[in-house]
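Colleague: So the sequence lines, in the order shown, correspond to chains A and B.
Counting from 41, one number per residue, gives the positions in the first sequence under our numbering.
Counting from 41, one number per residue, gives the positions in the second sequence under our numbering.
Because the hints were derived from the structure by calculation, they are not lab data.
There's no promise every hint is true.
Identical chains share a label here; the pair holds if one copy fits it or two copies do between them.
[Said to hold, decoys possible] Think about it this way: if two alpha-carbon atoms lie no more than 25 Å apart in a straight line, the pair counts; the simulated SDA-like pairs of lysine to any residue are: (1) 252 to 277; (2) 253 to 300; (3) 252 to 162; (4) 252 to 328; (5) 251 to 200; (6) 323 to 157; (7) 251 to 126; (8) 252 to 329; (9) 323 to 145; (10) 253 to 326; (11) 323 to 188; (12) 251 to 190; (13) 252 to 187; (14) 323 to 203; (15) 251 to 323.
For clarity, every value in this text was computed on a predicted model and none was experimentally measured.
Protein chains: 2
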Amino acid sequence: MALLSGLTPVLLALLCLVVGFLLLRSRETSKTTSRKPSEGKERPWVDQDLQDDSETTAAGGGEDDGWVDPAEEEDLAHVPYSPRRYSEESMLQRSTDFYRLMNQRRSVRFLSPEPVPRDVIDRVVHTAGTAPSGAHTEPWTFVVVSDPEMKHRVRLIVEEEEEVNYRQRMGDKWVQDLARLRTNWIKEYLDVAPYLILIFKQTYGILPNGKKKTHYYNEISVSISCGILLAALQNVGLVTVTSTPLNCGPQLRLLLNRPANEKLLMLLPVGYPAADATVPDLKRKNVEDIMVHV
Amino acid sequence: MALLSGLTPVLLALLCLVVGFLLLRSRETSKTTSRKPSEGKERPWVDQDLQDDSETTAAGGGEDDGWVDPAEEEDLAHVPYSPRRYSEESMLQRSTDFYRLMNQRRSVRFLSPEPVPRDVIDRVVHTAGTAPSGAHTEPWTFVVVSDPEMKHRVRLIVEEEEEVNYRQRMGDKWVQDLARLRTNWIKEYLDVAPYLILIFKQTYGILPNGKKKTHYYNEISVSISCGILLAALQNVGLVTVTSTPLNCGPQLRLLLNRPANEKLLMLLPVGYPAADATVPDLKRKNVEDIMVHV
C-alpha cells in the first residue's frame, strides 16, 4: 500500500498519457476513413479522387431511391407521353443496325490531328446531356478543350502523374508486365486529338440559399451519360479512348477553373482515327455469357 | 498525499475503465467505417450495396489506370482499325438526328403489358455489352426476367424495402414531401412490364486458379454500358425507368441465383409505354449550361 501510495502521481500521469494517446489514435482513424477530397499537389489515390460523395450520405434518396426529387416534381404538370412506335419488323432491324454500329466501336489511342466540326462536338455533348440522372440533377459538366496550349498543359499533368504511377506506385509485377507493352506513360494523343472532353461529376449542387444540395447517384448518372456520349461519337465516326486519369483530377480541375463541387470522372481525347491506327485484337463476350433469361 | 494514497485503487480502477471504454469506441469506429457488404436480411444501406469494390483496392490499375490489362494485352496482335468515315455534312446530320432521338427519351413509369419480341431485347442487351470496361473485364450480367411469377417476387422484395424506406428510414421532411406526390412505394410496373432487366456489376472475377481478379472501375464500366442500353432501347421505341432499388440488391441476387461477386446496380422495367402514359413536365439544361469550351 505504501508502495502503491508512492506510485499515485505516476499512475495519474500514466492515466493522462493513455487517455491522450487513445484519443489521438481515434482521431487519426476517423481522419483516414472520412476521406476528404484532396486538392492540389497532394496526389490523392484514385478511390479518393473518384469517390461519389452522394453515397456517403445516408440513403434516403426519396422515391425510386433518389431518381426522383419530390421537391422538384410536386409542382410539375404531368403530360401525356407517346413516343414513336415501330413495327416489330422495324424494331428488329433497328436493334440489329444499332448493335452493328456500336459493336464497331473500339478504344483508339492513335488519333488524327485533322480538325473536326465543332458543331458536331456540341451536338454530341448535348446528346450526352439527355441521360437520366438522380433526382434530375443533371450533375455533369463537359469541358471541351481545343486550345493547343491548354491541351499540352493537360498532357503534362497526366504524363507526370502516370510516370509517378509507373515508377513508384505499382509493384514489381506491374513494372515487369508493363515493360513488355508498347504503350507507356507517354500520351501523345493528348496533344494530337483536336478535342479533349473532360467530364466532371458535380458531387453536390448549391441551392439559392447557399446550402449544399445532395446529388444522389452522381457518379452513376454521369457514367450513364458518358455511355450515351460514346454512342453519339460512334454514330458520327469519331473515336476516343475511355480514360480515368489516376490522381490528376484535382490538378486538372484547377487548371480548367472548375468549382470545388466538380470532380473529374473521365477524360476522352476525341477525333478521327489516324490513318495507321491499330487496336489490340480483343474479342467481346458472347451474348449468352452476359445475359440470363428467367 | 494521504488522501491520494487512499485513492490509489480507485485511480487504478478508473484507468482500467477509461482504457476499456476507449478501446471499445475505437473498435466501433473501425466497424462502421470498414463497411463490409452485407447479405440477406440485414438491410444494408445503399452505400454498402452499391459500393464498387475495385475502388477500395489501392490504385495500380496499370496503363490508362486500369482500362487496359497488360496481362491480357501483351500476347494480342494489334490489327488495323479503320471505321467508316462520314462527310462533314453527314456527321452534322447524323449527330442532329441522334440528339433528337435521344432527347425524346424519358423515364416512364406507366408501361403497357403488351409483349415485346424477345429477339429485340437480346439485341439490345448485346449492344450494351459493347461498352468499354476497365481492363476489358466486361464486368456485367444482365438478368432478363419475363416469368410472371418471378417478376412478382421481384416486386414483393422491392415494395417491401421501399415501404421500409418510406416509413422508417426517411426523415419527417421526406415523408411530408412524399405525401404530396402521386407515386409511392407501390411499383405496379414491376408486374406489368413484359421484361425486367436487372443489371449486376461483377465486383471481382475468379481466375482459373480460384483467386480473385480485380475488376477495376466495375461500377463506372457497368454504368456506361447502361447508358448504351438506354440508347438502344430508345432506338427501338421501348421505354424504361432508371431505378437503383435501395437495399434490395442482396435479396434480389439470392432470388435470381447470382454468385457472390455480383451486386445489383440497376433495375429497368422494359416495355412499350401505356396508351395513357404521362411524364412530369421536366426540362433539360441548355447545352451552354453543361458544356464549357476552352
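Colleague: Confirm or reject each hint.
Modeller: Now the hints, each set against the structure:
1. Taking the shortest Cα distances, residue 252 and residue 277 never come within 25 Å of each other, neither inside one copy (40 Å) nor across copies (37 Å).
2. Taking identical chains as interchangeable, the C-alpha atoms of residue 253 and residue 300 lie at most 25 Å apart only when both belong to the same chain, with a minimum of 14 Å there against 34 Å between chains.
3. Taking the closest pair of Cα atoms, residue 252 and residue 162 never come within 25 Å of each other, the shortest separation being 29 Å inside a single copy and 42 Å across copies.
4. For a Cα distance limit of 25 Å, the shortest separation of residue 252 from residue 328 across copies, 23 Å, qualifies, whereas the shortest one inside one copy, 45 Å, does not.
5. In this assembly of identical chains, the alpha carbons of residue 251 and residue 200 never lie at most 25 Å apart, being 36 Å within a copy and 33 Å across copies at closest.
6. Taking identical chains as interchangeable, the C-alpha atoms of residue 323 and residue 157 are never at most 25 Å apart, the minima being 32 Å within one chain and 27 Å between chains.
7. In the homo-oligomer, the alpha carbons of residue 251 and residue 126 never lie at most 25 Å apart, since the shortest distance is 46 Å inside one protomer and 47 Å across protomers.
8. In this assembly of identical chains, the alpha carbons of residue 252 and residue 329 lie at most 25 Å apart only when taken from different copies (19 Å versus 43 Å within one copy).
9. In this assembly of identical chains, residue 323 and residue 145 lie within 25 Å of each other by CA distance solely inside one copy; the values are 12 Å within and 31 Å between copies.
10. In this homomeric assembly, residue 253 and residue 326 come within 25 Å of each other (Cα to Cα) only across copies, at 20 Å, whereas the closest approach inside a single copy is 42 Å.
11. In this homomeric assembly, residue 323 and residue 188 never come within 25 Å of each other (Cα to Cα): the closest approach is 35 Å inside a single copy and 35 Å across copies.
12. When the C-alpha separation of residue 251 and residue 190 is checked against a cutoff of 25 Å, the pair qualifies neither within a copy, at 33 Å, nor between copies, at 44 Å.
13. For the homomeric pair residue 252 and residue 187, neither the shortest alpha-carbon distance inside one copy (33 Å) nor that between copies (44 Å) is at most 25 Å.
14. In this assembly of identical chains, the alpha carbons of residue 323 and residue 203 never lie at most 25 Å apart, being 29 Å within a copy and 44 Å across copies at closest.
15. In the homo-oligomer, the alpha carbons of residue 251 and residue 323 lie at most 25 Å apart only across protomers (23 Å), although the nearest pairing inside one protomer, at 48 Å, exceeds that limit.
Of the numbered hints stated above, those contradicted by the structure are hints 1, 3, 5, 6, 7, 11, 12, 13 and 14, listed in ascending order.
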